[in-house]
Every structure is written in C-alpha cells, then in structure tokens.
Amino acid sequence: MRLLRAACLSAFLCTAAGCAALSTGQSGDPDFSSDAAANIQLGDEAVERKDFLQAERYYEHVRTKYPYLEVANEAELKLADLAYAQETYPEAREKYQSFIKLHPTHPKVDYAAYRSALSHYADIPSDFFLLPPSTEKDQTEIRAALVSLNDFVRQYPNSQYVAEAKQNIEDTRRRLAEHELYVASFYARRERWKAVAQRLEGLLKNYPGTSVEEEALFDLHEAYVKLNDAEQAKQTLQRIIERLPGTPAAERARKMMGS
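Residue 52 is where the sequence shown starts when you use the working numbering, and the numbers rise one by one after that.
For the record, the hints were derived by calculation from the structure and aren't laboratory data. Take these hints with a grain of salt, some might be off.
[Unchecked claim] Below 25 Å or equal to it, Euclidean Cα-Cα: the simulated BS3-like pairs (lysine-lysine) are:
| id | residue 1 | residue 2 |
| --- | --- | --- |
| 1 | 256 | 277 |
| 2 | 256 | 285 |
| 3 | 245 | 256 |
| 4 | 277 | 306 |
| 5 | 256 | 217 |
Whole structure, please, built from the sequences with the hints as guidance.
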C-alpha cells in the first residue's frame with residue numbers, strides 16, 4: 052500500500068513540479084575524514100541534499116570504526132533516523148529498539164523510544180485523495196501506534212516528547228473511533244442492528260471523549276429502537292445527558308425522553 056501511495060504522490064509531484072524535487076543526487080564513494088565527528092557532519096550534509104546512500108556510508112563508517120566513542124552511539128541513532136526519513140519504518144523501528152537495548156541509560160534513549168513508537172504512527176494509512184479514506188483501510192498500524200505511544204508515555208513520563216506523544220495518542224484514538232463508526236454504519240445500511248449496537252458500544256467503551264462520541268450515542272439509540280429494546284434506548288439517551296452535559300446534544304436527548 053505504501054508503494055502505491057508513493058507512486059501516486061510521485062506522479063502528482065512530477066506533474067506539478069516537473070519531477071525536479073524528486074532528484075536525490077546519489078554520488079560515488081565518500082571521502083572519509085580521519086575525524087569521527089567530521090564524518091557525522093558529512094553524513095548530515097548528505098542527508099540535507101537527499102543523498103541517503105552517501106549519508107548511510109558516513110554513519111556506518113563511524114559506527115564500525117569508532118565503536119568505543121560516544122560519536123558511535125550518535126551514528127547509530129542517525130542510521131535509524133535515516134531509515135525513518137526514507138519511510139522504511141520497520142527497519143527504523145528495529146534500529147531504534149536495538150539502540151534502546153544496547154544503551155538503556157543513554158541520555159537519548161527516550162528519543163529512540165519515542166521515534167520507535169512514532170514509526171507506527173507515521174505508517175498509518177493516508178487519506179491521500181487518490182486512495183480510499185483511511186477509515187476503510189486496515190487499522191493494524193493505528194492500533195500498534197496507540198499501544199506503542201501509550202507504552203512510551205508510561206515508561207518515560209518526564210520525557211520532553213510526552214506532550215507530542217499525547218497529541219498523537221488522541222489522534223489515533225479519534226481515527227480508531229471513526230473506523231468503528233464507519234463499520235457500524237456499514238452494518239446499519241444492511242439493517243444488522245445487533246452488530247451496530249455491539250460496534251458502537253465498543254467504540255464508546257474503548258475510545259471515550261472523541262469527536263464522534265455524540266454521533267455514536269445517537270446512532271446507538273437508533274439501533275436499540277430498531278431492536279425494539281426500549282429500556283436500552285432510554286438508557287442511551289440518559290448516557291448522552293450524562294456524558295455531554297450542557298450541550299445541545301444533551302438538550303436534544305432530554306426532549307427525546309419527553310422531559
């Protein structure tokens with residue numbers, strides 16, 4: 052799927068910009084410096100000009116030639132970042148995880164842990180206009196992103212990346228809730244009301260407080276009406292009043308209850 056997305060994006064960019072922005076300018080064998088830090092700088096410069104192969108050679112040279120220097124640890128992270136930049140997320144994740152295992156007390160271990168979790172988030176299906184909406188696609192990476200980001204926040208509560216991680220967590224929760232709502236609507240169109248109710252109950256239990264909660268609650272009320280379950284329908288309206296107090300939705304629910 053990522054290959055198709057990349058191909059579509061490449062074609063679009065070529066049309067809009069004549070493919071000029073897509074050149075990576077790969078060059079020949081690097082001219083290594085005798086100074087480890089200088090090789091890191093040369094690798095960074097190669098990244099800037101999108102010469103990822105050259106950058107990898109510089110970083111790998113530092114990692115293998117100077118294994119006992121701190122700069123070798125930096126090179127390890129750079130190699131992981133390089134894989135991430137090229138959207139080879141499983142490879143990037145493996146490199147970040149390897150760094151964590153080898154250097155559990157390193158000052159940048161939280162960075163590696165966050166980037167590892169973020170690799171799932173970055174691999175979430177796109178809403179690129181040539182492809183179906185992400186709500187219709189496989190949700191494996193979104194679920195993995197939610198688990199990984201929650202694990203990161205729990206393990207590194209004082210990390211500078213926690214605030215950003217929490218924002219991404221809320222986005223993954225919203226995406227998963229939207230997917231459940233999409234599946235429920237699929238069942239509703241086929242009048243499979245029990246399946247609708249089960250799906251929406253799961254949404255409300257697992258992803259409370261998302262932007263689709265109001266829609267999910269009213270859809271759940273409708274499902275119980277269709278199932279001739281008056282008690283559950285009434286309780287759902289009461290849940291709207293309790294979960295969305297002081298909102299137009301709560302006022303609408305009161306009117307529907309006749310109060």
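Quick rundown of the hints versus the structure:
1. The hinted pair formed by residue 256 and residue 277 meets the criterion: a straight-line CA distance of about 21 Å does not exceed 25 Å.
2. A distance of roughly 18 Å separates the Cα atoms of residue 256 and residue 285; the hinted pair therefore holds under the 25 Å criterion.
3. Simply put, residue 245 and residue 256 have alpha-carbon atoms about 17 Å apart, close enough for the 25 Å limit, and the pair holds.
4. Only pairs whose Cα atoms come within 25 Å are accepted, and residue 277 paired with residue 306 is accepted, the gap being roughly 19 Å.
5. A distance of roughly 19 Å separates the Cα atoms of residue 256 and residue 217; the hinted pair therefore holds under the 25 Å criterion.
Consistency with the previously given hints is maintained throughout, with no hint failing.
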